[in-house]
Amino acid sequence: MKSLGRIWNALANPDRIPRLYAVMLGIVLIVGFLIPLALNDHQLYPKPAPQSQINAHNPLAPYDRGGTLFQERGIVKAQYPQFAPAIGEVTAYLSPIAILVKKTTLYFGTSIYSSPGGLIDEILYYTRGFDTVLESSILMMAFTIASWVALNFTMRRKED
Amino acid sequence: MDASLFGALGGQLLGIIPLGDIVFYFTPLNLFMCAAALAFTFLIAISQTESQVEAEFGSLHDREVKVEKKEFKIRRFLAIVCGLATAGAMVTGDLFDFTLFVCLIGIVNIGIVAAVKQVDVLDAAYQYGLIAMIASLPLFGGASLILASAGTISLLQLVQLSYTTPMMALGSILVFMGVAGESGVAPFFATKAEMFRTPGSPFLLIIHLSSLLVIVRMIEILLIINKPF
Amino acid sequence: MIVPDVVSPVVVALYTPAIIVGIIAGLIGLLGIAVEKNDLQILILTDLVGISMMIFVCAVGTDLAESLVLPGLVVELAEILAISEVLMSREIRRNGKEVALIPLPMHMDMEILDTSPVVIAILLIAVGAFESGFTGGAVAGGGILFYVLSRTMRGVPSGMWEGIAGASGISWCLWLAGFMVFFVFPQYWLLALFLAAFGVFIKVAFKAGLIGVIGREEFKKE
Numbered sequence: 001m002k003s004l005g006r007i008w009n010a011l012a013n014p015d016r017i018p019r020l021y022a023v024m025l026g027i028v029l030i031v032g033f034l035i036p037l038a039l040n041d042h043q044l045y046p047k048p049a050p051q052s053q054i055n056a057h058n059p060l061a062p063y064d065r066g067g068t069l070f071q072e073r074g075i076v077k078a079q080y081p082q083f084a085p086a087i088g089e090v091t092a093y094l095s096p097i098a099i100l101v102k103k104t105t106l107y108f109g110t111s112i113y114s115s116p117g118g119l120i121d122e123i124l125y126y127t128r129g130f131d132t133v134l135e136s137s138i139l140m141m142a143f144t145i146a147s148w149v150a151l152n153f154t155m156r157r158k159e160d
Numbered sequence: 161m162d163a164s165l166f167g168a169l170g171g172q173l174l175g176i177i178p179l180g181d182i183v184f185y186f187t188p189l190n191l192f193m194c195a196a197a198l199a200f201t202f203l204i205a206i207s208q209t210e211s212q213v214e215a216e217f218g219s220l221h222d223r224e225v226k227v228e229k230k231e232f233k234i235r236r237f238l239a240i241v242c243g244l245a246t247a248g249a250m251v252t253g254d255l256f257d258f259t260l261f262v263c264l265i266g267i268v269n270i271g272i273v274a275a276v277k278q279v280d281v282l283d284a285a286y287q288y289g290l291i292a293m294i295a296s297l298p299l300f301g302g303a304s305l306i307l308a309s310a311g312t313i314s315l316l317q318l319v320q321l322s323y324t325t326p327m328m329a330l331g332s333i334l335v336f337m338g339v340a341g342e343s344g345v346a347p348f349f350a351t352k353a354e355m356f357r358t359p360g361s362p363f364l365l366i367i368h369l370s371s372l373l374v375i376v377r378m379i380e381i382l383l384i385i386n387k388p389f
Numbered sequence: 390m391i392v393p394d395v396v397s398p399v400v401v402a403l404y405t406p407a408i409i410v411g412i413i414a415g416l417i418g419l420l421g422i423a424v425e426k427n428d429l430q431i432l433i434l435t436d437l438v439g440i441s442m443m444i445f446v447c448a449v450g451t452d453l454a455e456s457l458v459l460p461g462l463v464v465e466l467a468e469i470l471a472i473s474e475v476l477m478s479r480e481i482r483r484n485g486k487e488v489a490l491i492p493l494p495m496h497m498d499m500e501i502l503d504t505s506p507v508v509i510a511i512l513l514i515a516v517g518a519f520e521s522g523f524t525g526g527a528v529a530g531g532g533i534l535f536y537v538l539s540r541t542m543r544g545v546p547s548g549m550w551e552g553i554a555g556a557s558g559i560s561w562c563l564w565l566a567g568f569m570v571f572f573v574f575p576q577y578w579l580l581a582l583f584l585a586a587f588g589v590f591i592k593v594a595f596k597a598g599l600i601g602v603i604g605r606e607e608f609k610k611e
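First to last, the protein sequences are chains A, B and C. So that you can map any letter, position 149 of the first sequence is 149 in my numbering, and since no number is skipped, the others follow by simple counting. My numbering runs 160 ahead of the 1-based position in the second sequence. My numbering runs 389 ahead of the 1-based position in the third sequence.
Hints were generated in silico from the structure; no laboratory data involved. One thing to keep in mind: the hints can contain errors.
[Stated by the list, open to error] Below, computed lysine to aspartate or glutamate pairings styled on EDC-like, alpha-carbon distance capped at 20 Å:
{"no.": "1", "chain 1": "A", "residue 1": "K77", "chain 2": "C", "residue 2": "D394"}
{"no.": "2", "chain 1": "B", "residue 1": "K277", "chain 2": "C", "residue 2": "E480"}
{"no.": "3", "chain 1": "A", "residue 1": "K77", "chain 2": "A", "residue 2": "D41"}
{"no.": "4", "chain 1": "C", "residue 1": "K426", "chain 2": "B", "residue 2": "D280"}
{"no.": "5", "chain 1": "C", "residue 1": "K426", "chain 2": "C", "residue 2": "D436"}
{"no.": "6", "chain 1": "A", "residue 1": "K102", "chain 2": "A", "residue 2": "D64"}
{"no.": "7", "chain 1": "A", "residue 1": "K77", "chain 2": "A", "residue 2": "D64"}
{"no.": "8", "chain 1": "B", "residue 1": "K277", "chain 2": "B", "residue 2": "E231"}
{"no.": "9", "chain 1": "B", "residue 1": "K277", "chain 2": "B", "residue 2": "E224"}
{"no.": "10", "chain 1": "A", "residue 1": "K103", "chain 2": "A", "residue 2": "D41"}
{"no.": "11", "chain 1": "C", "residue 1": "K426", "chain 2": "C", "residue 2": "E480"}
{"no.": "12", "chain 1": "A", "residue 1": "K102", "chain 2": "A", "residue 2": "E72"}
{"no.": "13", "chain 1": "C", "residue 1": "K426", "chain 2": "A", "residue 2": "D15"}
{"no.": "14", "chain 1": "B", "residue 1": "K277", "chain 2": "A", "residue 2": "D15"}
[As the list claims (entries may be wrong)] Coverage of chain B stretches by chain A, computed from C-beta distances (three or more under 8 Å per stretch; other residues unrestricted):
{"no.": "15", "segment": "311-318"}
{"no.": "16", "segment": "372-384"}
We treat Cβ as the ideally placed atom computed from N, Cα and C, and that holds for glycine.
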């Protein structure tokens with residue numbers, strides 16, 4: 001019983017908790033070596049085979065998912081297409097500047113993240129938009145905390 | 161909406177809020193937990209901070225300890241966000257969305273603990289932050305193992321699967337570890353701030369409530385994924 | 390074949406090795422955390438654990454995995470931002486010594502910051518506005534950061550801070566409005582897309598600008 005008490009006392013120190021947690025997590029992760037790990041090939045939002053669109057000289061490679069602007073929707077295999085009435089529209093959309101860039105280079109797909117429209121925007125803003133709302137809230141909270149600590153504790157350290 | 165689309169979720173399906181792939185659903189259990197979190201958040205929002213009376217050594221005078229309005233404001237704000245995130249985690253129908261809600265609770269908890277000007281409490285906040293950062297590996301890693309094995313991370317689809325692969329079981333255990341790290345250990349570190357009876361303590365209570373509710377919800381998710389019965 | 394029915398066999402074959410690598414990376418990081426004594430080292434090692442998490446997500450190799458990486462990355466970034474600030478505040482408080490808030494290897498009060506800032510700042514902001522979204526926000530934020538750092542005028546830090554922070558909050562609301570328009574009025578999806586894209590842009594840009602306000606206050610203290 002005495003040693004149990006010692007263990008409890010040792011655990012009361014906040015420094016030790018991250019270490020204990022890391023060890024426990026490591027033990028659980030080792031189980032991953034023992035069980036079969038295989039990818040189920042029926043996935044949502046599948047990608048074409050790697051490099052296939054680049055070899056086909058598609059300027060939007062690897063993010064071309066079909067569709068023409070305002071006429072035809074892109075192909076998006078979402079979980080619940082019935083809950084997203086405008087699905088595929090954002091995938092097909094390219095801003096006028098993006099169309100201009102697309103005509104001049106074969107590698108526009110590599111920077112499609114940084115212009116409105118395209119497949120990734122469809123997932124990030126529309127079909128899984130709530131994830132992005134939460135993600136930005138997390139960033140905002142972290143910034144609030146960091147700036148509050150910086151302004152009130154770190155910068156005014158001389159006042160108290 | 162067609163309720164049979166989503167199968168049995170351990171209770172009568174009262175309704176859904178579809179937001180694209182992320183569907184919020186209500187069964188009696190999680191609706192009750194969501195309402196409890198919201199009610200407590202409302203109480204936090206209208207409550208005043210606690211002021212303490214400390215006895216002074218060597219004299220008969222008392223000293224009143226009050227919280228500055230500024231410090232009070234940030235703590236109340238973070239406590240309200242924590243309550244709302246807890247309420248959201250109760251009703252979300254998407255595993256990845258759930259992990260993000262838990263992350264939001266984790267970072268807000270760090271903020272509530274860190275808003276105390278004492279070295280020991282700041283140290284507790286830092287150690288808690290380390291665990292929260294490590295915990296993002298099991299949280300997102302576990303969710304992605306389940307996605308890789310099942311091909312979906314919507315709980316409403318996972319409940320309909322007739323099988324559970326060992327990979328999904330490992331993934332769900334990892335998510336459980338992650339929830340324990342982000343929110344489960346929070347009361348331990350919050351006690352550090354409470355032990356010193358820091359002014360403004362009432363807002364720490366939301367940490368205890370959210371960790372309790374999130375663990376209950378996590379066990380429900382474990383049952384949905386692993387289907388032991 | 391623009392969108393296949395099943396994931397290509399190459400990705401399926403790569404999944405198991407990728408996950409094994411992820412587990413090994415995670416184990417190395419966790420082992421380091423378990424034995425390391427220095428607090429700062431532990432903070433850096435948690436980043437390795439975060440990278441292992443990213444490998445887990447990326448291994449799935451679909452467009453969905455690609456968009457799930459972003460929240461994971463941002464959560465890591467946000468937590469390291471908050472925690473390192475807490476660590477710094479703790480250390481400063483514990484030591485009681487006078488140290489710089491943003492330690493810099495050299496004296497930052499340079500001539501060039503006074504002479505040619507505006508054009509560079511405007512250029513960066515224009516490029517950022519063209520890109521929009523996260524990337525654009527980061528570039529434009531760099532521009533604002535540069536502008537704010539370079540202003541010789543001191544004072545109004547608190548008001549400026551609150552003003553920029555307020556604008557950032559409003560743009561967050563813009564984003565939420567865009568998100569709601571997607572579901573309430575699906576026919577106006579283009580408006581929603583632009584609300585979302587530029588909401589992110591303004592938010593990220595102003596956040597970087599706020600860091601500039603702190604930095605300037607620090608190095609112009611002397």
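The hints, checked one at a time:
1. A:K77 with C:D394: holds (9 Å)
2. B:K277 with C:E480: holds (12 Å)
3. A:K77 with A:D41: holds (14 Å)
4. C:K426 with B:D280: holds (18 Å)
5. C:K426 with C:D436: holds (16 Å)
6. A:K102 with A:D64: Holds, at about 12 Å.
7. A:K77 with A:D64: holds (14 Å)
8. B:K277 with B:E231: holds (10 Å)
9. B:K277 with B:E224: With a Cα-Cα distance of about 17 Å, the restraint between B:K277 and B:E224 holds, given a limit of 20 Å.
10. A:K103 with A:D41: Since the Cα atoms of A:K103 and A:D41 sit roughly 34 Å apart, the hinted pair is violated (cutoff 20 Å).
11. C:K426 with C:E480: holds (15 Å)
12. A:K102 with A:E72: Given that 20 Å is the threshold and the Cα spacing comes to 19 Å, the pair holds.
13. C:K426 with A:D15: Status holds; Cα separation ~10 Å.
14. B:K277 with A:D15: Answer holds: B:K277 to A:D15 is near 19 Å, not above 20 Å.
15. 311-318: holds (count 4)
16. 372-384: violated (count 0)
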